[in-house]
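Quick mapping for you: the protein sequence lines, in order, are chains A and B. Those letters in the first sequence? Residues -14 to 99, per this note's numbering, in order. Those letters in the second sequence? Residues 8 to 121, per this note's numbering, in order.
No lab work stands behind these hints, which were simulated from the structure alone. Treat the hints with caution; some may be incorrect.
Facing chain B, from chain A, some residues (calculated, C-beta under 10 Å) [stated by the list, open to error]:
#, residue
1, -11
2, -9
3, 90
Pulled from the structure, derived: some chain A residues nowhere near chain B, Cβ distances all over 10 Å [said to hold, decoys possible]:
#, residue
4, 16
5, 30
6, 47
7, 55
8, 66
Built from N, CA and C at the ideal position, the CB exists for glycine as well.
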Amino acid sequence: KAGVTQTPRYLIKTRGQQVTLSCSPISGHRSVSWYQQTPGQGLQFLFEYFSETQRNKGNFPGRFSGRQFSNSRSEMNVSTLELGDSALYLCASSGGDPLSRTQYFGPGTRLTVL
Amino acid sequence: QQQVKQSPQSLIVQKGGISIINCAYENTAFDYFPWYQQFPGKGPALLIAIRPDVSEKKEGRFTISFNKSAKQFSLHIMDSQPGDSATYFCAASIPVPGANNLFFGTGTRLTVIP
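Required output: the full structure, derived from the provided sequences and hints.
Put into C-alpha cells, the structure is as follows:
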C-alpha cells in the first residue's frame, strides 16, 4: 500500500497570507490527524478527522482549521499567517477501525512564513 | 504542560553499544505507548509500541521496557548502528473514542559513532 502523502512538501508564505495543506491517507484509513512540529514546542496535536467529522482538537487558535472529504483526504488551512506558524506540518492516518491506535505519518509539509 | 517527559535530549553511542532512552508520564489513563523514529526531512515512523499489560516487548534490536508503577518506559537499542542515528520520540495516548491524539515526548537525537 502507498503511504501517507502530503502536498506540497515545501511552502514559503508571508505574514498575513493564508495557506492550505493537503493530506492523502493510506488507502482504507478513515482517520486523519494533523500535528505541528517545531524545534521549540516539539510535536503538537492540531486536530483529528474521522469520516468527515472533526472528533478531536488540540489547543491551537481558530486560525487553524481543517476538513476531511468523503474519500478520507484531508486539508488543513491556516489563515492570517504569523511568523510563529513556521513549522513542519505532519499528517498521520489510522485504520478503518474507529478505535485503531496506530498512526502512520506522512513526510510533512515544511511551511516557512516570512 | 508536557504530558510525556523524555530524556536525554541527545545521546552519543559507539557502534555496537546499547542506546537507552527514557520516558515518564503522569496521566494514568494512558494505555498505549509507541516509539517513533524520525530521520531528517522525513516524517516519524513507528518503531515499536507497548500497552501497560506487558512489561517488555522486543522487536529485533529494539526493546521497550515498561514500569507501570513508576509510570516510566524506555527504549533500548541493542548493537546500535550508524544507520540508527536519528531522532527518537516516545508518545502516549488514552483509550477514549474520539481522542486518538498522541502526546509526544520532546525527542532524543541519537548519534551512533562508527
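**Study point:** Violated constraints from the hint list, given by number and in increasing order
**Key:** 4 and 5
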